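A.B. asks: Listed below are the residues making up each chain.
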Amino acid sequence: MTKRRLRRVSTVVAVLLLVITGVLTFLTWRVSEHSEQRLLSRQLALVGSLLTSQAAVLQVQLADVGQVAVNTGANPAAFARFGSTQLRQTGQSLSLWRIGDGGAERLALQGVDPLMPADGADALTALRPTGELVILGILPGEPDRLAYALMPAEGNTDLLVYAESPLPDGRRMPETPDSPVAGLDLALYLGRTTDPAQLLEATVATPVDGETQRLEVPFGSTAVTVVGASPTHLAGPLSAALPWIVLGVGCALAVGGAATVEFVSRRRAVAERLAAENERLYREQRGIAGTLQLALLPTVPELCGVDVAARYVAGVDELEVGGDWFDVVEHRPGCCVFVVGDISGRGLPAATTMASLRFAVRAYLAEGHDIETVLTRMRDLLDVDVDHQFATVLLGELDATAGRLRLVSAGHFGPVVVTEDGARLVDCPVTPPIGVPSRVPARATTVQVPGPATLLAFTDGAVERRGEVVDTGLERLRRAAAETGGQPLEPMLDELLETMTADGGKDDTVILGLRWTS
Amino acid sequence: MDELTGGRRARLTVTPAPDGNGLQVGLVGELDIASLPEVAAQLDALLAREPQPLHLDLAGLQFLDSSGVTVLVRIANHFAPVTAGNASPAVARVVQVLGLADRFGLDGR
Chain X
1 MTKRRLRRVS TVVAVLLLVI TGVLTFLTWR VSEHSEQRLL SRQLALVGSL
51 LTSQAAVLQV QLADVGQVAV NTGANPAAFA RFGSTQLRQT GQSLSLWRIG
101 DGGAERLALQ GVDPLMPADG ADALTALRPT GELVILGILP GEPDRLAYAL
151 MPAEGNTDLL VYAESPLPDG RRMPETPDSP VAGLDLALYL GRTTDPAQLL
201 EATVATPVDG ETQRLEVPFG STAVTVVGAS PTHLAGPLSA ALPWIVLGVG
251 CALAVGGAAT VEFVSRRRAV AERLAAENER LYREQRGIAG TLQLALLPTV
301 PELCGVDVAA RYVAGVDELE VGGDWFDVVE HRPGCCVFVV GDISGRGLPA
351 ATTMASLRFA VRAYLAEGHD IETVLTRMRD LLDVDVDHQF ATVLLGELDA
401 TAGRLRLVSA GHFGPVVVTE DGARLVDCPV TPPIGVPSRV PARATTVQVP
451 GPATLLAFTD GAVERRGEVV DTGLERLRRA AAETGGQPLE PMLDELLETM
501 TADGGKDDTV ILGLRWTS
Chain F
1 MDELTGGRRA RLTVTPAPDG NGLQVGLVGE LDIASLPEVA AQLDALLARE
51 PQPLHLDLAG LQFLDSSGVT VLVRIANHFA PVTAGNASPA VARVVQVLGL
101 ADRFGLDGR
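Going down the list, the protein sequences come from chains X and F. If you number the first sequence the way my numbering does, the last residue is 518 and the count never jumps. If you number the second sequence the way my numbering does, the last residue is 109 and the count never jumps.
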């Protein structure tokens with residue numbers, strides 16, 4: 001894994017986590033906002049119901065005064081007596097008027113002098129005896145006043161009750177901490193607009209800032225527009241902080257996640273590099289073992305009158321060189337000596353012993369010794385008590401022209417011979433292996449094998465399997481040889497090897513094949 | 001197998017012969033090139049003893065390869081007389097194929 005790829009993976013993780021964080025933050029913010037708006041609209045509805053009840057109070061007040069006036073025949077004394085009880089606020093003005101054809105005539109007054117609308121008492125003549133509260137507007141003054149009036153609906157319908165109430169100084173609503181709407185930014189406008197001139201009162205400087213909501217509430221003959229906003233979070237500080245908490249935690253997770261991915265990926269990259277390095281070393285070592293083994297084994301010679309082929313396969317543990325070998329030496333045209341041997345044990349000691357024995361055989365043969373003598377002399381070259389190894393050797397002399405085979409064995413299997421009559425295991429007397437002291441002299445067995453015939457000499461790796469008697473393996477080889485005997489020598493050995501090592505034999509295996517026609 | 005050999009694949013035990021004459025050596029498990037080091041110490045100790053009659057009990061030996069046979073041969077070279085018994089057919093045949101049956105009085109057939 002390259003560094004660039006590492007960066008890309010951790011960047012992708014970071015971006016992915018950041019996107020998720022963004023979405024979650026947005027959702028949290030939306031939920032929080034939504035609940036804020038809902039809470040604000042409930043608060044405004046509360047303000048609305050307070051206003052409605054206030055309008056009702058005013059209407060009842062004027063209607064009562066009007067009723068007293070009607071019942072007393074507009075008696076000023078009665079008006080003064082009853083009207084004074086209705087004045088609950090300093091700066092208020094309450095007056096009783098008679099509406100006639102010539103205009104409006106004031107009959108009595110309680111409280112301060114009225115400012116009266118701009119068109120004077122004429123504004124009053126426009127009223128009808130409905131018994132409804134009529135808001136006449138805001139009158140400029142010190143302080144400004146709200147003017148309103150009512151004509152009783154019953155009795156003497158030419159009477160009218162007119163009132164003015166001062167608006168708070170600077171139109172600033174007095175602070176009432178215990179109010180259910182305390183803490184809200186509120187502005188109340190007379191009418192259905194937010195015209196600054198029609199501002200009744202407000203808790204803050206107008207216009208109200210922030211996320212505002214509007215609500216129109218009927219107020220006498222007109223309406224009051226309520227504009228509200230909440231400077232603080234109505235649902236509490238946690239709700240306000242939640243989106244920021246989500247954003248903060250998400251960003252931290254994104255950074256942490258990317259760092260973790262980067263760390264794990266780097267560790268993995270190191271592990272992969274080490275594994276690749278180990279595998280390279282393993283292959284290299286295996287290559288060395290194989291190369292050494294092949295260097296110690298002879299190239300297959302081309303002989304006159306005898307076809308020669310050989311196969312060597314390393315066992316399961318290919319790291320170690322083995323001690324199996326073969327050799328073929330031409331005596332004279334049509335006559336050769338062959339050797340197949342196996343050193344007990346593995347590794348370099350076995351390989352070096354194998355090499356020295358192989359060259360010893362060649363040397364003794366070059367001196368003109370017979371195979372019986374060669375085997376006997378070899379016994380001096382190895383001692384199991386010293387070397388902790390012994391060697392099994394099959395020495396054979398093939399006179400292809402005469403169809404005669406001579407064999408001596410030191411602890412080694414006899415060969416399999418395939419002729420037109422079939423395949424058989426040649427039985428030859430076995431003396432103890434090389435390295436094991438023996439006083440029994442080697443005596444060659446002579447077998448007549450007229451060609452065309454094929455001889456197979458092999459080592460125990462071809463036939464020995466754990467959990468079975470070696471005879472089972474020998475029989476398996478004999479049968480396989482009989483089945484493949486009709487093929488050319490090279491493909492025959494390939495197929496034999498495949499059959500005999502199909503189950504993954506643990507040991508090295510050598511198969512040497514000689515074929516002749518006499 | 002593991003309970004027989006204490007986690008190892010091969011084991012060599014030395015006890016006095018039941019008749020009091022010489023030693024009895026038991027080989028247990030799978031004796032091959034891989035398990036050879038497991039018996040090396042006991043083998044060296046055994047070969048350090050005085051030559052005397054020795055009997056090899058091969059009843060517990062389940063597998064033997066040519067490397068394992070070197071153990072038998074070294075024992076046979078050091079002690080005299082050496083006899084062997086209770087070998088399984090497979091083990092006896094390995095010894096016999098190597099031309100060593102006479103040495104241990106084993107008949108692989």
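Certain hints may be false.
Chain F regions said to be covered by chain X (calculated; three or more residues, Cβ under 8 Å) [unchecked claim]:
1) 19-26
2) 72-80
3) 84-97
These are calculated hints, taken from the structure and not from any lab test. All values reported here derive from a predicted model rather than from experimental measurement. Glycine included, every Cβ here is placed at the ideal spot set by N, Cα and C.
A.B. asks: Which of the stated hints cannot be reconciled with the structure, identified by number in ascending sequence?
C.D. replies: Per hint list: single violation, 1.
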